[in-house]
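Trainee: Given next are the chains, with one letter for each unit.
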Amino acid sequence: MSRSQAVSARLARLAWLLWPLLNVPAPAAGTPPLSVTIYTDDLALVQDRRQIDVKGGRQRIEFEGISAQIRPETVSLSAHDITIIEQNFDFDLLTPAKLMEKAVGGQVTIVRTNPSTGAETREQAEVLATNGGVVLKIGQRIEVLRDDGLPVRVIFDKVPDNLRAHPTLSVTIDGAHPGARPATLSYLTPGLGWRADYVALYDEAQGQIDVQGWVTLTNSSGATYQDAATVLVAGNPAQAGSRPVNFRAPAPRSSLQEAGTESGSRDRVGDYYLYPLSQPTTIANLQTKQVSFLEVAGVPAEHGYEFRNRWLGTADASGVATPQSAKSTYSFSTSAHSGLGDQLPAGVLRFYERDRRGAPQFIGESRIEPTPMGSTLSLATGDAFDVKVRASVEKRTRLANLEWQTDMRYQLTNALPREVTVHLLQEGLRGDARLLSESLKSTRRSAEVAEWVVSVPANGKTDVTASFDTRY
Amino acid sequence: MTALAAAPAAWPAAVPAEVRADAPADLSVTLYRAPYRSPGSLDLDRLGGFALVSEIRTVRLPAGESRLRFEGVADGIEPASAIVTGLDGVVLEKNRDAALLSPRALIDAAAGKPVQLLRADAKTGEPERLPGRILSDADGGVVFETAQGIEALRCSGLSESFSFAGIGALSAHPVLSVLVQSPHPVSRQVTLSYLARGFDWTADYTATLSADGKSMDLGAWVTLANGNGVGFPAAHTQVVAGRVNREGADVRPLDAGGPILARCWPRGSTSDTPVLLQLTGALSRSETARAAIMPMAMLAAPAADAQHVAQEQLGDLKLYRVPEPTTVASRQSKQVRLMDRHEIPVEVIYVAELDSGAASVAVAAGRRLRTRNTAAHHLGLALPSGSVAVFASHDGMRLLERESAIQDLAVGEELELDAGASPDVRLSATSETADADRRANRVEIRNARPGAIRFELRLRLPDGARLIHADHAAVTENGRPLFRLDVPAAATVTLRYEVEPAPALKNPR
Numbered sequence: 024m025s026r027s028q029a030v031s032a033r034l035a036r037l038a039w040l041l042w043p044l045l046n047v048p049a050p051a052a053g054t055p056p057l058s059v060t061i062y063t064d065d066l067a068l069v070q071d072r073r074q075i076d077v078k079g080g081r082q083r084i085e086f087e088g089i090s091a092q093i094r095p096e097t098v099s100l101s102a103h104d105i106t107i108i109e110q111n112f113d114f115d116l117l118t119p120a121k122l123m124e125k126a127v128g129g130q131v132t133i134v135r136t137n138p139s140t141g142a143e144t145r146e147q148a149e150v151l152a153t154n155g156g157v158v159l160k161i162g163q164r165i166e167v168l169r170d171d172g173l174p175v176r177v178i179f180d181k182v183p184d185n186l187r188a189h190p191t192l193s194v195t196i197d198g199a200h201p202g203a204r205p206a207t208l209s210y211l212t213p214g215l216g217w218r219a220d221y222v223a224l225y226d227e228a229q230g231q232i233d234v235q236g237w238v239t240l241t242n243s244s245g246a247t248y249q250d251a252a253t254v255l256v257a258g259n260p261a262q263a264g265s266r267p268v269n270f271r272a273p274a275p276r277s278s279l280q281e282a283g284t285e286s287g288s289r290d291r292v293g294d295y296y297l298y299p300l301s302q303p304t305t306i307a308n309l310q311t312k313q314v315s316f317l318e319v320a321g322v323p324a325e326h327g328y329e330f331r332n333r334w335l336g337t338a339d340a341s342g343v344a345t346p347q348s349a350k351s352t353y354s355f356s357t358s359a360h361s362g363l364g365d366q367l368p369a370g371v372l373r374f375y376e377r378d379r380r381g382a383p384q385f386i387g388e389s390r391i392e393p394t395p396m397g398s399t400l401s402l403a404t405g406d407a408f409d410v411k412v413r414a415s416v417e418k419r420t421r422l423a424n425l426e427w428q429t430d431m432r433y434q435l436t437n438a439l440p441r442e443v444t445v446h447l448l449q450e451g452l453r454g455d456a457r458l459l460s461e462s463l464k465s466t467r468r469s470a471e472v473a474e475w476v477v478s479v480p481a482n483g484k485t486d487v488t489a490s491f492d493t494r495y
Numbered sequence: 005m006t007a008l009a010a011a012p013a014a015w016p017a018a019v020p021a022e023v024r025a026d027a028p029a030d031l032s033v034t035l036y037r038a039p040y041r042s043p044g045s046l047d048l049d050r051l052g053g054f055a056l057v058s059e060i061r062t063v064r065l066p067a068g069e070s071r072l073r074f075e076g077v078a079d080g081i082e083p084a085s086a087i088v089t090g091l092d093g094v095v096l097e098k099n100r101d102a103a104l105l106s107p108r109a110l111i112d113a114a115a116g117k118p119v120q121l122l123r124a125d126a127k128t129g130e131p132e133r134l135p136g137r138i139l140s141d142a143d144g145g146v147v148f149e150t151a152q153g154i155e156a157l158r159c160s161g162l163s164e165s166f167s168f169a170g171i172g173a174l175s176a177h178p179v180l181s182v183l184v185q186s187p188h189p190v191s192r193q194v195t196l197s198y199l200a201r202g203f204d205w206t207a208d209y210t211a212t213l214s215a216d217g218k219s220m221d222l223g224a225w226v227t228l229a230n231g232n233g234v235g236f237p238a239a240h241t242q243v244v245a246g247r248v249n250r251e252g253a254d255v256r257p258l259d260a261g262g263p264i265l266a267r268c269w270p271r272g273s274t275s276d277t278p279v280l281l282q283l284t285g286a287l288s289r290s291e292t293a294r295a296a297i298m299p300m301a302m303l304a305a306p307a308a309d310a311q312h313v314a315q316e317q318l319g320d321l322k323l324y325r326v327p328e329p330t331t332v333a334s335r336q337s338k339q340v341r342l343m344d345r346h347e348i349p350v351e352v353i354y355v356a357e358l359d360s361g362a363a364s365v366a367v368a369a370g371r372r373l374r375t376r377n378t379a380a381h382h383l384g385l386a387l388p389s390g391s392v393a394v395f396a397s398h399d400g401m402r403l404l405e406r407e408s409a410i411q412d413l414a415v416g417e418e419l420e421l422d423a424g425a426s427p428d429v430r431l432s433a434t435s436e437t438a439d440a441d442r443r444a445n446r447v448e449i450r451n452a453r454p455g456a457i458r459f460e461l462r463l464r465l466p467d468g469a470r471l472i473h474a475d476h477a478a479v480t481e482n483g484r485p486l487f488r489l490d491v492p493a494a495a496t497v498t499l500r501y502e503v504e505p506a507p508a509l510k511n512p513r
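Note that the protein sequences, when read in sequence, are chains S and C. Everything in the first sequence is counted per this note's numbering, starting at 24 for the first residue and increasing by one. Everything in the second sequence is counted per this note's numbering, starting at 5 for the first residue and increasing by one.
If we strip away everything but chain S, and leave its shape as in the complex, we get (with noise of 0.2 Å):
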């Protein structure tokens, strides 16, 4: 089986658990004909309820208004009493090129209008080739089309049966019993995708933010999906676990500083959150959709300021003595009593503050990951202009083959009429580094990196100076 049927396999079990779990009110008329599943990344499972017409016997059914990227090896037809013979997922396009090309050696019409009295001439024609232009019998003659630039219409009587204007699925059924049923059409697809989008409006006298969260939903299948009951699930069946890593790599900083522990009350299957969405839509091609699923005001939030050097980061590294701005971090919790109270699904969060007007103005966005209940997010949204690192190698001292000194200074300057605190992170310390002497009193976070939290006067600056001993 190869990877895809593994999944194909996998997603269509996983649908099967979910249909009786979907929360979709049903009015009157039934349930909705349509519906979409879709994951985070860039794939949806879609299953469409039609009413089909058996008229016993072979036959064939087309569908339209399917995806045009459907993945055809994932489509399953499921009827009753019906026997499935094949399946066909015709992509040749209905054009005028193709048209001429599918009637070479068949006949089409042509009509000739004389330019100076307008009457028109009928006459029928075969059509010889199509190679650069196009080669006519007419009758025992031989002519070019519209050779001589005049007007010619060419009439074809109808459009080959694989030629379509959209991609078109068709199944060929075998049907014992005529009569009308329902019948269930599932496929998976690429062009469908969602991910989160928050707002957050920070308020730094209060020290708060309030969120809001929406569900993006982005449509590029080619097809329009009309009132479908929509459901988004968090996850991301198709690539578990065949992430590569990079061991050689810096870790990307990560916004989930402390994972959380809390339950929430969101439907789950597996180890997958569902969001359904409360009322059938139509996600039409194309289309960009928000729906709201968050909303929380006054959430407690710190405003920090951190800075990482890589190893031997210097700032004369280029020749020029640039200081570099501290990131500015926000940080804030997701648990129930004093947070969002909510897992957060993946996505991007946007962050505005007030300018002195009052107006909302943009401060910078961070990816978050899939975040659960009970959280530590840590998010960076930019540079801080006013807080500045300059971080020099000052002194490396080979004591051994494979044992360095290395004396590293900070200068950390602040030119904001406030005290800030900035955490100063010296990464890359691997193997077997040793702190020899430091100004402050650091944490090793982990055997990699070093932070210190340094507090940095109003409009002043504090140095940090730390030797390290180094052994590969």
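None of these hints come from the bench; they were simulated from the model. It should be emphasised that the depicted structure is a prediction, and the values quoted were computed from it without experimental measurement. Do not rely on the hints blindly, as some may be mistaken.
Dumping the calculated EDC-like pairs for lysine to aspartate or glutamate here, alpha-carbon to alpha-carbon at most 20 Å [stated by the list, open to error]:
#1 S:K418 <-> C:E328
#2 S:K181 <-> S:D115
#3 C:K117 <-> S:E87
For each label pair, taking beta carbons as the anchor points, the in silico distance ranges come out as [stated by the list, open to error]:
#4 C:T496 <-> S:T444: 47 to 53 Å
#5 C:S42 <-> S:E281: 35 to 41 Å
#6 C:P466 <-> S:D486: 35 to 41 Å
#7 C:G90 <-> S:R204: 48 to 54 Å
#8 S:A199 <-> C:G68: 44 to 50 Å
#9 C:E328 <-> S:T247: 44 to 50 Å
#10 C:R271 <-> S:A203: 44 to 50 Å
#11 S:D486 <-> C:D49: 44 to 50 Å
#12 C:G90 <-> S:P323: 24 to 30 Å
#13 S:T247 <-> C:G68: 19 to 25 Å
#14 S:L422 <-> C:R500: 26 to 32 Å
#15 S:L422 <-> C:H398: 43 to 49 Å
#16 C:R271 <-> S:R81: 39 to 45 Å
#17 S:R379 <-> C:L404: 44 to 50 Å
Partial chain C-side listing against chain S, Cβ under 7 Å, derived [to be verified]:
#18 T34
#19 L56
#20 D143
#21 L162
#22 D320
#23 L321
Don't be surprised by glycine CBs; every beta carbon is placed ideally from N, CA and C.
Use these hints to put chain C onto chain S, whose structure you have.
Mentor: Same frame as chain S, but now just chain C:
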């Protein structure tokens, strides 16, 4: 084998009322720089920054569910960032449709639906109207069907066109629509704000060095540009300095539409000669734009009474407010005065950087203007990053000496402007001895200028090496030796130093 189209079963849904919001009564545009652009001038063809647009609009909603349409939002809108505030009712969902009203979008929307074919009579020119149906518009070619049969659009040589019944939901400008539920009819003002791409701004500084070389005047423009097809008339305009974090989420680009291509079958004839494609060398807009912009920044003689932008703190960023509402027109760049400071004391310094073991090097020294961003130095304000044109005064004329750039500079930091290289101050380095444990070097600095100069030489040491001896005083800056030397007029200063490399790696076996 019969083809059977299985139609979706009927699904009843309440159709929301279509409501159009009024045109914006009040507008505010805040521009942010492209986060990772190097400081310097804007490239009007690739505006990588963005803006926060806030619009106040009046809406009148009936009771019940309605689809509220905001027309004329910027084409670079990031729909996920849109926020609507001030609505009483519950906002159910927000949508942005990508397709604009265009000939191609019309054909696309009409595919499969009845249309009228217009064909001019070859003799009289009288248009003939035939009911028909568009079968396909795939890949730019249009195939249609009338009672006469199946034909392709504009392949016959006759003039053919379609007449459509309506435009559907297509609109000339991007539309953001919001599905809202209101318990009772309301009329109120709402604020729509969103982030939009296709904007940028930069500071363009002009530094004019006085004739005696002891002070300079520093003036600057804020140059902001809007690459969107939508303009913002009489908008409160702000720019924000400082790098804000952006997550590179894709925004589905708008489909700006296009003409009906009506691609046909191959139409070669027996009299065709192969035609080689000739590309004409049209001047790209960036070249014309650059030609237009540079003089603006360069020749910007600081107007004595120019109105300056007002700076305020926004979180950890700096916000500059244009004093009065201004029109940020579509595809326009615009300049407002950022600052004018006079008689800033500067120090002219000649600098060079050298690998400590450079065997034989001869280079011209760089020239720098150095001052500090403090009130005592007639500065003391946050300086946003941008391009700097350094001018020298000469007999009342201003001569361009150097174009360079500065980074975001906070109050109290050192400001160093690159003023070019000086052919009159040259240095040559020679390796005198290169033993395994001791390397002696000689550097000669020759000054051909009529006055004494201050010279700074920075050494780059190999990892683990140290400076053990020098015949001039050295200080350590950022862990590297720095020599500050005074070189008299028309004189040569010779510097000798010795470096001890890190102990050689001993073979552990």
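Trainee: With reference to the structure, classify each hint as holding or not holding.
Mentor: Hints, one by one, checked against the model:
Distance hint between S:K418 and C:E328 is unfulfilled; the C-alpha atoms sit about 53 Å from each other, more than 20 Å. About 16 Å separates the Cα atoms of S:K181 and S:D115, which keeps this hinted pair within 20 Å; it holds. For the hint pairing C:K117 with S:E87, the CA-to-CA distance comes to about 15 Å; that is within 20 Å, so the pair holds. Evaluation of the 47 to 53 Å hint for C:T496 and S:T444 yields a pass: the beta carbon distance comes to about 52 Å.
Look at C:S42 against S:E281: about 37 Å separates their beta carbons, and that is inside 35 to 41 Å. Here the CB-CB span from C:P466 to S:D486 is close to 26 Å, at odds with the stated 35 to 41 Å. Under the hint 48 to 54 Å, the C-beta atoms of C:G90 and S:R204, about 51 Å apart, fit the expected range. Distance hint check: the CB atoms of S:A199 and C:G68 are about 49 Å apart, consistent with the given range 44 to 50 Å.
Checking the proposed 44 to 50 Å range against C:E328 and S:T247 shows it holds: the Cβ atoms sit about 46 Å from each other. For the pair C:R271 and S:A203, the beta carbons lie near 48 Å from each other, so the given range of 44 to 50 Å is met. About 45 Å separates the C-beta atoms of S:D486 and C:D49, a value consistent with the hinted range of 44 to 50 Å. For the pair C:G90 and S:P323, the supplied restraint of 24 to 30 Å holds, since their beta-carbon distance comes to about 26 Å.
For S:T247 paired with C:G68, a C-beta distance near 24 Å keeps the hint of 19 to 25 Å intact. For S:L422 paired with C:R500, a C-beta distance near 29 Å keeps the hint of 26 to 32 Å intact. For S:L422 and C:H398, the Cβ-Cβ distance of about 57 Å falls outside the hinted range of 43 to 49 Å, so the restraint is violated. For C:R271 and S:R81, the hinted distance range of 39 to 45 Å is satisfied, since their beta carbons lie about 42 Å from each other.
Separated by about 38 Å at the C-beta atoms, S:R379 and C:L404 break the suggested range of 44 to 50 Å. Look at C:T34: its Cβ gets to within about 6 Å of chain S, closer than 7 Å, so that hint holds up. Because the beta carbon of C:L56 sits about 5 Å from the nearest beta carbon in chain S, less than 7 Å, this interface hint is met. Among the interface hints, the one on C:D143 holds; its C-beta lies about 5 Å from the nearest C-beta in chain S, closer than the 7 Å criterion.
A cut of 7 Å between beta carbons decides the hint on C:L162: the least distance to chain S is about 5 Å, and the hint holds. The beta carbon of C:D320 is positioned within 7 Å of a beta carbon in chain S (closest approach about 4 Å), and the interface hint is therefore held. Annotation: C:L321 was flagged as interfacial toward chain S, and the flag holds, the nearest CB pair being 6 Å apart, inside 7 Å.
Consistency with the previously given hints fails for numbers 1, 6, 15 and 17, ordered from lowest to highest.
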